[in-house]
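Asks: Taking mature numbering (1 follows the signal peptide of the UniProt record, and there is no 0), I'd label the letters of the sequence shown as residues -27 to -1, 1 to 153.
Hints are computed from structural coordinates only; laboratory data are not their basis. Note that beta-carbon positions come from the ideal geometry of N, C-alpha and C, so glycine has one too. You may find that some hints are simply not true.
[To be verified] Pair ranges (Cβ atoms, derived):
(1) Ala43 / Thr81: 15 to 21 Å
(2) Arg87 / Ser62: 37 to 43 Å
(3) Asn31 / Val94: 25 to 31 Å
(4) Ser134 / Ala43: 36 to 42 Å
(5) Val94 / Leu143: 16 to 22 Å
(6) Ser61 / Ala93: 36 to 42 Å
(7) Ser113 / Asn138: 21 to 27 Å
(8) Asn80 / Ala131: 15 to 21 Å
(9) Glu60 / Ser129: 33 to 39 Å
(10) Asn80 / Asn38: 18 to 24 Å
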Amino acid sequence: MKTSIKTLFASALTAIVLTSSAFTTFAKDTTPVSASAAVKFNKVVVTGNAKVVLVQGNSESVTTNDELSANTTVQQKGYTLYINSTESSPATIYVNVKDLQRIDASNTAQVKTRGNFDLAVLQIFLKDGAKANVNAKVGSLYTDMKDQSDLKLSGSSAEHSLVRNDVSKLNLNDFVIAKL
């Protein structure tokens, strides 16, 4: 009898511990990335009225010169960094990334690269009134432009696939494409 009570108590305690750890694992993590947290990501999604400066480096990090307001969020989910701002004049957010593969900007977001990027592949998706200024040497480049988006490319690409409407603006004056 004593052994069965101990076994029952141990089983109940184990079930409680496993259940609580399972719920913790499945809980939605909505904590924003701190002002200079090192996280691993290769996709950047910018929405709202945000200004983002991308810099290629040896690691991934996010920094700002000013404190982020409550109307600006920076979150990482998987390999994607989400930046959103509803400020009328948002602070500039600097994003260091090692291997950038995708830029996705919408609304009135502005994305700019600083320095030269050397990438195997890059996808750029712009919509609404988003603007991007990208300087990169890319093996394979894919761009998708909708609405009144504006893209200025400089650098070079071995191949480039382009999908765009008649209203969007594309500046390729300083960009060399080996195969279109």
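Asks: Each of the hints needs a verdict: does it hold here or not?
Replies: Structure-based check of each hint:
1. Ala43 / Thr81: 15 to 21 Å: The hinted range 15 to 21 Å holds for Ala43 and Thr81, with Cβ atoms some 19 Å apart.
2. Arg87 / Ser62: 37 to 43 Å: 20 Å, violated
3. Asn31 / Val94: 25 to 31 Å: 19 Å, violated
4. Ser134 / Ala43: 36 to 42 Å: 39 Å, holds
5. Val94 / Leu143: 16 to 22 Å: 19 Å Cβ-Cβ, so the 16 to 22 Å window holds.
6. Ser61 / Ala93: 36 to 42 Å: Given range 36 to 42 Å: holds, Cβ gap about 38 Å.
7. Ser113 / Asn138: 21 to 27 Å: 22 Å, holds
8. Asn80 / Ala131: 15 to 21 Å: 31 Å, violated
9. Glu60 / Ser129: 33 to 39 Å: 35 Å, holds
10. Asn80 / Asn38: 18 to 24 Å: Hint holds: Cβ distance 22 Å, inside 18 to 24 Å.
Of the numbered hints stated above, those contradicted by the structure are hints 2, 3 and 8, listed in ascending order.
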